[in-house]
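Peer 1: Below, each chain spelled out in residue letters.
Number of protein chains: 8
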Amino acid sequence: MRDSRNVFHLAVPCIDLDEAYDFYVTGLGCKLARRYKDRITVDFFGDQLVCHKYPEKTTKDSELEMYPRHAGITFYDKNHFDDLIALVGSRKLKYYEKPFVRFEGAAEEHHSFFLIDPSNNLLEFKYYKDSRMMY
Amino acid sequence: MRDSRNVFHLAVPCIDLDEAYDFYVTGLGCKLARRYKDRITVDFFGDQLVCHKYPEKTTKDSELEMYPRHAGITFYDKNHFDDLIALVGSRKLKYYEKPFVRFEGAAEEHHSFFLIDPSNNLLEFKYYKDSRMMY
Amino acid sequence: MRDSRNVFHLAVPCIDLDEAYDFYVTGLGCKLARRYKDRITVDFFGDQLVCHKYPEKTTKDSELEMYPRHAGITFYDKNHFDDLIALVGSRKLKYYEKPFVRFEGAAEEHHSFFLIDPSNNLLEFKYYKDSRMMY
Amino acid sequence: MRDSRNVFHLAVPCIDLDEAYDFYVTGLGCKLARRYKDRITVDFFGDQLVCHKYPEKTTKDSELEMYPRHAGITFYDKNHFDDLIALVGSRKLKYYEKPFVRFEGAAEEHHSFFLIDPSNNLLEFKYYKDSRMMY
Amino acid sequence: MRDSRNVFHLAVPCIDLDEAYDFYVTGLGCKLARRYKDRITVDFFGDQLVCHKYPEKTTKDSELEMYPRHAGITFYDKNHFDDLIALVGSRKLKYYEKPFVRFEGAAEEHHSFFLIDPSNNLLEFKYYKDSRMMY
Amino acid sequence: MRDSRNVFHLAVPCIDLDEAYDFYVTGLGCKLARRYKDRITVDFFGDQLVCHKYPEKTTKDSELEMYPRHAGITFYDKNHFDDLIALVGSRKLKYYEKPFVRFEGAAEEHHSFFLIDPSNNLLEFKYYKDSRMMY
Amino acid sequence: MRDSRNVFHLAVPCIDLDEAYDFYVTGLGCKLARRYKDRITVDFFGDQLVCHKYPEKTTKDSELEMYPRHAGITFYDKNHFDDLIALVGSRKLKYYEKPFVRFEGAAEEHHSFFLIDPSNNLLEFKYYKDSRMMY
Amino acid sequence: MRDSRNVFHLAVPCIDLDEAYDFYVTGLGCKLARRYKDRITVDFFGDQLVCHKYPEKTTKDSELEMYPRHAGITFYDKNHFDDLIALVGSRKLKYYEKPFVRFEGAAEEHHSFFLIDPSNNLLEFKYYKDSRMMY
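Protein chains in written order, with the working numbering: chain A, 325 to 459; chain B, 325 to 459; chain C, 325 to 459; chain D, 325 to 459; chain E, 325 to 459; chain F, 325 to 459; chain G, 325 to 459; chain H, 325 to 459.
The following block holds chain A by itself, in its conformation from the complex (with noise of 0.2 Å):
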């Protein structure tokens, strides 16, 4: 078990702070924790999301792909993950892969999906069967 008090802070460059701030607070309803000219603060699931600034630092749609860069959240707890996927449902968020089972029958055996920001920054949710394997 991780430390409670600790936060986990993740930096990523977006393209426009008023897209960022729909997209975390708005949608996936993150809390804002402050917000300056060049960046957003979200408090993401508990931890610190920085969203910075820098249009010609994201990554272009050609390069594209699900690895090896993305961020997320794995739950402890089956129904904050599902309370998760009605969320993306009832405000209609974009899905970049929608849920699925990978290492079906494997102990690692978990259900993820992604979703996309408006600066093509992938975020990955993800809930293991056995809480072990969340590493």
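Derived from the structure by calculation, the hints contain no laboratory data. Just so it is clear, CB atoms sit at the ideal spot from N, CA and C, and this is done for glycine as well. Not one of these hints is a red herring.
Some chain B residues near chain G, calculated using beta-carbon distances under 10 Å:
(1) 349
(2) 356
(3) 367
Straight-line alpha carbon distances no greater than 30 Å define the calculated DSBU-like cross-link-like pairs of lysine-lysine that follow:
(4) B:361 <-> B:416
(5) D:377 <-> A:361
(6) D:416 <-> B:453
(7) E:402 <-> C:402
(8) A:416 <-> A:377
(9) D:377 <-> C:422
(10) G:453 <-> E:418
(11) A:361 <-> D:418
(12) H:450 <-> G:377
(13) A:361 <-> D:416
Let chain A serve as the given structure and place chains B, C, D, E, F, G and H on it in line with the hints.
Peer 2: Positioned in the frame of chain A, the structure of chains B, C, D, E, F, G and H alone reads:
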């Protein structure tokens, strides 16, 4: 506070798996969770870091910049931050940016330093005087 | 998650301390922390509610409205929400607004009901299907 | 101890949503959970504060008094109380009542101060020497 | 919620230390913390029970009554309450009062039963449907 | 560590409910959970104490002794123990036995004091230097 | 409950470090904390297991018995016990003793199975119906 | 962090159950969970230690070595480590190896000492300056 049972996961490219292992496990003291042919997974301060072997996707030296892409941990407890600095010293890990204070005197005042892994992924570690400012 | 060791405190006017005691302690099952000549302090579902004797500051019946002034608890656990409804029934407390569902089908969907204390302070209790929407 | 998974919610009137945002998010460092046309919802030190746009329901300057209506947080940890005082200073937030000690020498001895939001809602923050007296 | 690091301690008279040991440790499954010549100390469901050898201070059979003197544990989790009933059955411990329901239909409804130790100390174990009513 | 969600409950006789209320709630700062005609229930440092009106069952002054019957709290945190001593002083509660050190130099070394309620029930409060010795 | 911040550590002999790594990390899904020339250290279900290279100190096949030397984990949550059985199946780890029920019908009833590592160290995993019987 | 609700269990041979009881319960302050004809079970710093009566399986004096077989606790809190040293002193328990510092100046620096039980089982207790190095 984040949920201690969930895990943040971050996937990044790496050039060589043995080098990644040496840096994260032998150097930084992270635990190795799994090793496959094409990636290693480490328990990075309680969260999950996956190093995928994708040399062509790593950041070139000439393109290396602190912003906008980096990731790391913000510690709640100053001792844990200081312990890490001591480890960097005793194990002679390479700083990308030595410990410094940012926003001194402001509410957001915090201590920070950057490490760099062998594949040019930047890692930032922080400690905030006012723990509410961690986001 | 909030810090379980901190306490939210809310101070409201009341007409009569005995009535307030009857409503909060005998009725709603809150614990009495202190009683002074001019106020009572109750442990309101883990937070602090202070009823100050200020009859002239209470809301008149003619001015009573659900918005914008009310306070209450959002429960994480549906059982605790249902237990409270059962208590309202068995102790015949007065609803200001009976249990209903708000924003059905949306991510923000939640169950809610309002009680009213003897001094016209409105209390709302809620349960969200998706716990991330509690804010 | 209260349950860290529940949330206290408080709804108050406000004059202007942008002003409320500036005070709570930019000033006090609360996180913005949601913004609608008629209200903003903030994560207020772990609990929920909703500012509803109801200018006509706000307290007039001439009616402003410390009692009986105010709300706030009592901190268990003195550092968190002091951090907030430092933030008030560095961000030049307006005190309604500067830090003082109430009931000195008594078991109920505590430190307190009041802030005032742009819509005349009073906020009290406290720290008790004897944590059992927080109620 | 109580503080999990504190301990409630209860000291009671007993006739014979071996009998007390047999009842509490061998029978009820409490852990023995210490044994001195004149007393034994047991970890009684997480709290501390000290049986002092004072035969002359124990309650006589003729004076034995359920009220006002007894002590025990109220379980939050119904499974723990049921586990204890199963243990009483499988180890043939003696009921002073078999499991029953008190205040059925009221908010205070709870399950209860009484055991009696070899020195006539009465032990009550309870489970409340509404956990807020545990006090 | 005990389970913070369970509650230890202790039922004792008392002579007069108002006196019991004055001692436990007004004096010792416990919270009143309920009051019936024949008893009061208080949240005694997180556990439950029920004072049943049974004057004839209370201990006579002539029979009053420290052993074998008493109950109380052992604090993990020395500050909480000291806070209680300060409260006893500022509210002029009556000691049955002033603070002393027992088993000095031994592993079991602890600080202790006894209070006495208006019905001759003895209360002991303790703090152990070595927290493993709390049992 | 044990303290989640402490760690139990167990040191055992092993014949070959690579074999130990294969069994514990690749097979059983433990995390590798460190590897030196003469030992590996793994995070064994949250506790620490050190395999020292001491072939001459390992148990010979002819001396292998279930008692008295073995070690393992007793799970509080039946799901975690079942997850491990599933992993043993999907990864084809070798049972020393297949899952069975011990003391059926008694308070001590529990599920158990034994694994054996490549150096003849026996590992027992258990789940008790009544969690108080875990000791 | 390990799961506070699980238990590590270690089974070891012992020569004599009374001697084992004297060492672990009376000496080391562990709680006795159960005693059968052929073994005793103790709550060893929150984990479970079972001493099975198997004199012929105990380590002979001539074969006694610190490595590779020993077990113990690594404390997170230095006070708990120091408390144990104080207990060893006041109760005159026998050191196998007095407190010393290992790997001084390295990240793995830790304090350690060894005790030996009456059946030649070696117990190591440790404290790491950098808590991440506990594994």
